[in-house]
Amino acid sequence: MEELLNELKEKFSSVIIEIQEKDYPTLICKRNGFLDLMKYLKDERGFKYLIDLCGADYLEYKYKNFEERFEVVYHLYNLDNKILLRLKVRVPEKDCWQYSVTPLWETANWFERECYDMFGINFKGHPNLKRILMPDDWEGHPLRKDYPVYLEEEQEWKTYKELKEKVKEQS
Amino acid sequence: MATYLEINKKQANEEKWEEPFYLNMGPQHPSTHGVLRLFLELEGETIVNCAPIIGYLHRGVEKLGETLNYNQTIVLSDRLDYIASAANNTAFALAFEKLMGLEVPRRAKLLRTIVCEMARICNHLLWLATHALDIGAMTVFLYCFRDREWLLNIYEKICGARLTHTYVRVGGVRQDFTQEIIDELYKFTEDFPSRIYDYETLIDVNRIWLKRTKGVAVVPAEDAINLGLTGPVLRGSGVPYDVRKFRPYDAYGEVDFIVPTGKNGDTYDRYRVRMEELRQANRIIRQCLDKLPETQGETVVAENAPDLLIPEKIRKPEPKPVPKKGVIFKGEEIPVVPPGEAFASIESPKGELAVYVVSDGSSRPWRLRVRTPSFVHISAIPYMAKNHLIADLIAIIGTLDIVLGDSDR
Amino acid sequence: MLERLIYFLIATVILLVIALLHVAYLTYAERKVIARMQQRLGPNRVGPRGLLQPIADMLKLLTKEDLVPYGVDKPIFYIAPFISLVCAGTGVALIPIWEKFVISDINVGLLFILALSSLSAYGVILSGWASNSRYAFLGGLRASAQVISYELAMSLALLSVVLMAGSLNLKDIVNAQINSPYKIYLIPQIVAFYVFMISAIAECNRVPFDLPEAETELVAGYFVEYSAMRFAIFYLAEYFGMVVMSALAVTCFLGGWIGPFEVPYIPFFWFLIKLYFLLFVYIWVRATLPRYRYDQLMGLGWKVLIPVALINLFLTAFLKLIF
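Chains as they are written, first to last, in the UniProt record's numbering: chain V, 1 to 171; chain D, 1 to 409; chain Z, 1 to 323.
Keep in mind the hints are simulated off the structure, nothing from the lab. By construction, the Cβ of each residue, glycine as well, lies at the ideal position given by its N, Cα and C atoms. Incorrect hints may appear among the rest.
List time: in silico DSBU-like cross-link candidates among lysine-lysine, alpha-carbon distance up to 30 Å [stated by the list, open to error]:
1. Lys164/V / Lys64/Z
2. Lys9/V / Lys98/D
3. Lys168/V / Lys171/Z
4. Lys130/V / Lys164/V
5. Lys48/V / Lys245/D
6. Lys158/V / Lys98/D
7. Lys88/V / Lys63/D
Here are some of the chain Z residues that sit facing chain D, going by a computed Cβ distance under 7 Å [unchecked claim]:
8. Gln38
9. Arg134
10. Val207
11. Leu289
12. Pro290
13. Arg291
14. Tyr292
15. Arg293
16. Gln296
17. Gly299
Start from the sequences, fold in the hints, and give me the full structure.
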């Protein structure tokens with residue numbers, strides 16, 4: 001494990017900003033060159049299993065020490081050596097996109113769709129980036145911190161409102 | 001499938017223009033196990049393309065998790081995979097304990113393991129019942145439910161609820177087992193292997209069953225890992241990945257069990273893997289029951305587990321509400337959790353259930369992420385259903401063991 | 001002349017009523033028997049031990065709303081259930097129930113019943129087409145191919161019996177069985193009996209061959225868009241088919257009305273016993289076996305049953321030539 005982390009730090013020093021030792025080793029990376037790092041991890045180091053891919057919104061987080069708003073978190077696992085790695089990529093709000101790892105792991109397809117649906121992060125290179133859990137014509141991205149938990153009357157979903165009106169007309 | 005609403009009109013100018021035949025196995029269907037919508041493109045009876053559409057049961061568990069405190073999110077977790085809810089509770093509790101640095105007493109670990117394995121048996125019995133019913137064998141359905149009733153009655157004695165237990169809490173479990181429960185569990189573990197034998201005689205060597213399941217939806221090991229399949233689906237393809245052995249949690253380090261794997265990766269192998277897991281789960285419960293008297297007299301909750309704090313309601317940005325008579329308000333919330341993040345994963349009966357939680361030092365999570373196995377398995381349906389018939393699609397949905405509450409959260 | 005006509009009319013009406021009662025109580029018996037096999041009780045609320053259940057079902061279906069979906073082909077939609085019912089039910093008139101009672105004693109009785117079962121395929125196909133629904137369409141497609149394939153196997157199996165008996169008249173077939181040294185054609189023609197039973201289950205769209213109306217896949221296949229009384233008619237037609245096929249099997253293979261000893265005052269006793277036994281086999285198979293996939297079903301019909309029936313036919317002809 002130690003020599004893996006040291007080797008990564010040497011080889012990809014331009015991509016990796018920091019390596020933290022929390023419950024699992026966490027690598028904080030930059031967006032440029034990220035795909036090369038992932039390719040190296042998958043092909044050379046045998047991290048063939050992508051457990052999870054999710055986003056996190058750090059608007060007004062108390063202990064924040066970086067300026068970007070979003071973070072995309074990857075959890076990779078090596079089945080032979082039993083090593084679990086966590087990688088984080090910081091995504092700013094204005095320039096809200098990230099490279100897609102779908103060509104490497106097929107699982108990432110739906111994970112990235114859900115990340116787009118919930119946070120609004122675009123993934124470059126994704127074959128079919130559409131909403132997955134919310135209806136197709138929904139406005140807004142629900143898991144952002146400035147999206148309310150309960151919607152007001154005027155903010156309700158358009159299609160549902162039209163349906164209610166149609167029902168009122170016909171009855 | 002890129003689009004499922006546009007008919008391919010670019011062939012209209014050619015001489016042979018064929019409109020593909022679309023069939024919508026809609027949200028309401030007896031065998032899609034919930035509100036799953038599958039949009040199929042058929043050629044005769046062969047499936048050319050398949051697009052699963054989910055989201056009909058999305059309840060916003062991740063968003064709600066940011067408004068409730070740690071003990072209350074356990075209640076939310078019950079409703080994810082509502083068939084084996086003890087497993088979901090365990091995943092959440094493990095992640096929160098990692099975050100808070102709590103040490104769970106040994107008796108609580110044994111009790112948690114027992115409840116998790118009972119949930120595994122319940123889940124596999126329901127899976128067998130619905131899978132066999134979809135393929136046409138009605139009798140297996142009723143035999144499985146008879147045994148499941150027994151287990152659900154035991155659950156009712158343990159925690160008061162049959163389906164959504166909320167028994168496993170942050171720091172331990174809710175309450176201890178009584179002697180009556182332990183006796184009944186002993187009786188169950190003695191009788192159960194003969195029941196498994198009952199189910200197997202009905203379908204194991206039945207030619208029609210073999211024809212329906214052998215060679216259907218073969219997934220080679222490399223593709224299975226790439227698609228992110230876990231649990232019995234992955235083990236049927238020959239990869240012996242089981243979170244209980246690779247990253248042991250609770251009392252799984254102490255008990256002795258084998259992890260069954262298949263060879264070919266077809267539906268029949270997955271069926272055999274799950275039947276063998278039933279036997280192994282029985283064995284684990286027996287071993288844990290034998291170890292329980294050693295830990296007699298221990299508490300079942302860790303010492304500094306968080307109390308239930310009554311939170312303020314996050315509805316609209318309104319001034320602090322006036323306290324009603326008799327309700328105790330804590331004006332300021334006491335931070336019980338150090339800021340940081342934690343990731344914990346367990347082997348739920350369906351696959352690998354993982355929880356990633358970020359905390360900011362307050363009594364509520366900052367970000368709660370649940371990675372559920374059914375979500376990933378549904379995304380693998382188009383790969384598995386290529387060039388199969390509609391009748392095979394039903395077998396595929398059955399063998400992946402999908403629950404829509406799990407996938408839509 | 002006139003009194004013969006009146007005799008036939010009364011006999012037909014009585015037989016029709018009894019056949020309908022049999023069919024209605026067959027649904028009840030099926031539910032009870034399957035329930036006991038699955039370690040539960042069947043319907044036991046309506047009437048003593050649930051005996052009035054079929055009547056309650058009939059009343060419920062009569063009072064339901066009759067939905068005609070948008071865009072169906074109206075004349076065909078209305079006619080299709082009746083085709084099924086008439087073709088299934090007419091066969092009852094040809095079966096000799098005891099020595100002196102058969103409503104229509106025509107010389108080509110067996111051929112007529114086979115022709116009727118072919119016609120009943122129309123009911124399935126037309127209802128699947130006219131329903132303007134994809135599920136019904138798929139069910140109708142599957143049913144048409146299945147019915148045609150299994151008819152061939154059935155006819156070949158029955159041809160061996162005709163060879164041995166020497167006539168297509170059903171009464172003559174039973175008489176030939178009584179006069180032959182084996183007493184029933186089951187013993188020399190056991191292969192043909194099995195082929196016939198399997199094909200009969202496939203003809204009636206019962207498990208394990210009930211793909212056209214598979215509940216869990218096509219949500220009731222070709223009659224998914226039918227409601228209330230029309231659905232009841234399809235349902236009745238399926239059970240009528242079961243009764244007619246079992247009666248045919250009893251007549252051709254099991255000896256019709258003969259038995260080891262004569263029961264006074266009830267000449268149809270042995271016929272009914274054998275018929276009930278075969279119906280029990282239908283229900284037993286439904287409770288136990290899973291369902292075949294469509295291509296495996298067709299493979300079974302064409303690759304296994306038809307060659308076996310053909311070989312049986314040639315063997316019978318050969319042996320009959322020698323002896």
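Ascending list of hint numbers which this structure does not respect: 3, 6 and 17
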